[in-house]
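A.B. asks: What follows is the residue order along each chain.
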Amino acid sequence: MSEDKLLEINNLTVSIKEGKEMLPVVRGINITVPRNKIIGIVGESGCGKSITAKSINHILPPAAKITAGSMIWHEASGQQTDLVTLKEKEIRKRCGKDLAMIFQEPMSSLNPMMTIGSQIKELLKIHKLENNPQKAKARVIEMLDAVGIPEPALRYKAYPHELSGGMRQRVMIAMAMIGQPKLLIADEPTTALDVTTQAQILKLIRKMCESYSMSALMITHNMGVVSSTCDYVYVMYLGTIMEEALTQELFNNPLHPYTRGLLSSIPKLGDNPEFLKTIPGNIPVDSKKFKGCKFCMRCSDDIKKCFFEEAPLYKVSENHYVRCHLAGSDNKIVNSEDTSNKAGSETVKGGKNK
Amino acid sequence: MSAFIRRCVGVLLVLLGVMLLIFIVLRIIPGNPAAVLLSEHANKETIERLTASMNLDKALPEQFLLYLSGALRGDLGQSYYLKRPVLDLVLEAFPFTVKLTIFSAAFAWIFGIAVGVISAVYQNRLPDYLFRGISLLGVSVPVFMVALFLQYLFYFKFSLLPLLYDGSAVSMILPAIALGWNSAGSVARLTRSSLIEQNNELYLDTAKAKGLTAKAALLKHGLKNAMLPVITMLALQLSSMLSGAVITESVFGIAGIGKLALSAVETRDMPLLQGTVLFSAFIISLGNIISDLINTCIDPRLRV
Ligand SMILES: Nc1ncnc2c1ncn2[C@@H]1O[C@H](COP(=O)(O)OP(=O)(O)OP(=O)(O)O)[C@@H](O)[C@H]1O
Ligand SMILES: [Mg+2]
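Protein chains in written order, with the numbering used here: chain A, 1 to 354; chain B, 355 to 658.
What the hints contain is simulated information worked out from the structure, not anything from laboratory work.
Each hint should be verified, as a subset may be incorrect.
[What the hints assert, rightly or not] Away from chain B, derived, C-beta distances all over 10 Å, residues of chain A:
id : residue
1  : 20
2  : 54
3  : 105
4  : 111
5  : 172
6  : 208
7  : 304
8  : 316
9  : 318
10 : 319
[Stated by the list, open to error] As a list, the in silico BS3-like pairs of lysine-lysine whose alpha-carbon atoms are at most 30 Å apart:
id : chain 1 : residue 1 : chain 2 : residue 2
11 : B       : 453       : A       : 87
12 : A       : 17        : A       : 87
13 : A       : 89        : B       : 511
[As the list claims (entries may be wrong)] Examples of chain A residues toward chain B, derived with CB under 10 Å:
id : residue
14 : 88
15 : 107
16 : 110
17 : 115
18 : 122
19 : 123
20 : 179
Every residue, glycine too, gets a C-beta built ideally from N, C-alpha and C.
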């Protein structure tokens with residue numbers, strides 16, 4: 001996956017202030033987004049997916065801070081910028097133009113007091129993409145049409161509360177697309193929608209990626225969404241990447257017990273709903289001192305080593321990595337934490353947060 | 355539109371209730387007003403004649419109905435003390451009070467909102483602490499103290515502004531500030547908290563993701579949303595302003611409703627007191643309707 005890179009997240013660590021302590025919620029993750037690809041991040045609620053996404057365009061909640069890592073943005077010209085170090089003014093110049101984001105809650109992500117048209121048009125004004133108001137309006141209507149909103153000229157004047165959830169998410173997509181970004185960050189864009197609408201929205205996002213040659217970072221807790229949209233997928237658990245692979249590979253050959261758990265919790269036709277599988281246990285309370293595998297309390301395989309030492313990321317193949325003693329050592333592959341820490345011959349234990 | 359008509363009917367019912375209430379309250383107070391009006395030495399016959407002419411000898415329900423039918427015809431009775439129709443007196447005083455209320459409401463709004471917005475934008479930084487102190491003073495210092503302090507500072511100390519109201523716009527400045535001071539404090543505090551609350555709203559994340567800085571997003575998107583409770587509050591402030599007007603008008607010598615009401619209390623002038631209270635209730639109801647209308651205008655979700 002080293003070919004044409006767009007965004008390279010290295011060792012990203014985000015901590016949230018809780019009382020006097022800073023608790024890490026994203027622990028040194030590495031994610032690479034190539035051009036023209038849809039990358040998935042999958043994991044259950046609270047594992048740090050949204051925090052990861054929001055750290056890219058600097059909209060973290062005030063309590064959260066990026067404590068380590070870099071996010072290298074690769075310009076087509078070859079120029080590289082670390083997004084982490086950008087000042088507010090500089091990152092805002094990129095937001096909406098290079099990076100766009102859509103959110104989980106289409107109901108509250110739009111300003112209830114403004115028409116959807118003027119909210120989309122505002123982006124053109126902020127980035128001075130179209131100064132003529134008439135032409136700007138025409139462009140917005142064109143975009144509303146492109147995302148499949150019926151009667152776009154009429155809907156231009158609609159307020160958010162006059163639209164359904166699916167329509168609002170289309171509006172969000174139109175707003176994201178009008179600046180022709182290179183990367184779309186989609187934070188659970190379909191979670192609040194019904195299944196049919198969900199499929200339509202995913203199809204729309206895929207279509208937009210293709211026709212605007214845009215990459216997407218698709219965040220979800222739903223393996224179904226991953227299989228229908230993503231090229232490559234990262235499995236996240238408690239702020240750590242547990243497994244990453246090409247989507248096909250991950251579905252054919254899931255190695256981490258957590259990934260397997262996620263896959264087997266997809267209900268299939270004919271399943272008895274009484275016996276829907278879930279992964280036993282909840283996300284355990286974090287303890288800083290705990291050095292073992294974050295998943296060991298819930299893992300079905302009971303291995304002593306897992307309680308004392310977190311596994312490194314084992315390379316299974318060119319397109320498949322896993323952080324599990326059992327699965328990894330079977331594959332007798334040595335650690336490779338990407339390019340960021342070539343020097344460290346020893347595996348990094350307990351994540352990278354110190 | 356039907357909502358508007360419903361509101362108007364509501365106002366009429368409120369006014370009816372106010373009339374009934376004040377009628378009852380004033381009748382509970384012991385003593386025959388007719389006897390009070392006349393001197394101690396008036397003979398019994400005179401008192402009886404006056405009592406009859408004031409309808410005070412009739413049964414209470416009948417008295418109320420007489421008062422009500424009079425009110426509907428625009429006759430609020432005759433002032434005992436000033437010997438003039440109550441309606442005339444109230445209408446004469448009305449423009450002064452309206453002027454005072456408008457000026458002080460404008461002061462409370464502009465000053466209060468500006469202070470609240472600056473506080474919210476610089477949350478927990480120096481301007482915020484400073485302005486929070488000021489607005490705390492605003493809500494906690496009583497009207498008469500503000501009025502006397504302003505007179506001391508701007509007349510006696512620096513002789514910048516006139517001591518009393520003389521009909522000129524300049525002489526309205528001190529009364530307007532004195533009366534608006536409390537409201538400005540409440541408006542500032544509510545504006546601040548309401549705007550800070552908007553920070554938790556997801557649409558601000560959307561605005562930032564579009565490319566607005568945090569400050570610009572808060573001012574362009576948050577402010578309008580934050581104004582809704584503030585507008586509602588200003589209508590409520592109107593009632594406290596009218597009660598404050600009693601004091602302000604007396605201190606600055608403004609011949610408004612407040613001063614009229616005060617003199618009516620002093621002279622136990624029942625019809626006049628009824629008239630002033632009724633008028634105040636009318637203004638407050640009007641204020642509520644206006645704030646509803648403004649909210650409907652700026653909040654698309656309330657439009658039918
Ligand atoms: N504003 C905040 N203040 C304090 N803690 C927070 C805040 N936002 C998130 N967290 C904590 O950070 C962790 C990661 O949260 P995050 O929102 O990234 O989860 P998520 O993977 O997106 O989950 P979901 O699927 O529910 O959206 C959680 O444990 C959460 O408790
Ligand atoms: Mg989330």
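A.B. asks: For each hint, tell me whether it holds in the structure or not.
C.D. replies: To see whether the hints hold, each was checked on the structure:
Its beta-carbon lying about 18 Å from the closest one in chain B, residue 20 of chain A satisfies the requirement of being farther than 10 Å from that chain. The claim that residue 54 of chain A lies off the interface is violated: its Cβ sits roughly 8 Å from the closest Cβ of chain B, which falls inside the 10 Å cut-off. Once the 10 Å rule is applied to beta carbons, residue 105 of chain A is inconsistent with being away from chain B; the minimum gap is 6 Å. Remark: the non-interface label on residue 111 of chain A conflicts with the geometry, its nearest Cβ contact in chain B lying 4 Å away (cut-off 10 Å).
A beta-carbon of chain B is positioned within 10 Å of the beta-carbon of residue 172 of chain A; the least distance is around 7 Å. Non-interface status of residue 208 of chain A relative to chain B is upheld: no Cβ of that chain comes within 10 Å, the nearest being about 16 Å off. Its beta-carbon lying about 44 Å from the closest one in chain B, residue 304 of chain A satisfies the requirement of being farther than 10 Å from that chain. Once the 10 Å rule is applied to beta carbons, residue 316 of chain A is consistent with being away from chain B; the minimum gap is 36 Å.
No beta-carbon of chain B is positioned within 10 Å of the beta-carbon of residue 318 of chain A; the least distance is around 34 Å. For residue 319 of chain A, the condition that its CB be more than 10 Å from all CB atoms of chain B holds, with the nearest at approximately 31 Å. Of the supplied pair hints, the one linking residue 453 of chain B and residue 87 of chain A is violated, its CA atoms being roughly 50 Å apart against a limit of 30 Å. Restraint check for residue 17 of chain A and residue 87 of chain A: satisfied, since their Cα atoms lie roughly 21 Å apart, inside the 30 Å limit.
With a C-alpha separation of about 48 Å, the suggested pairing of residue 89 of chain A with residue 511 of chain B is violated against the 30 Å cut-off. With 10 Å as the threshold, the beta carbon of residue 88 of chain A comes within range of chain B, its nearest partner Cβ sitting at about 6 Å, so the hint holds. Given hint, residue 107 of chain A at the interface with chain B, holds; its Cβ is 9 Å from that chain's nearest Cβ, closer than 10 Å. The closest approach between the C-beta of residue 110 of chain A and any C-beta of chain B is roughly 6 Å, which is under the 10 Å cut-off, so the hint is satisfied.
Because the closest C-beta pair between residue 115 of chain A and chain B is about 8 Å apart, less than 10 Å, the hint holds. Proximity of residue 122 of chain A to chain B holds as hinted, the smallest CB-CB distance being about 7 Å (cut-off 10 Å). The interface hint given for residue 123 of chain A is met, as the beta carbon of that residue sits about 5 Å from the closest beta carbon of chain B, less than 10 Å. The interface hint given for residue 179 of chain A holds, since its Cβ lies 8 Å from the closest Cβ of chain B, which is under the 10 Å cut-off.
In the structure shown, a violation is registered for the earlier hints numbered 2, 3, 4, 5, 11 and 13, in ascending order.
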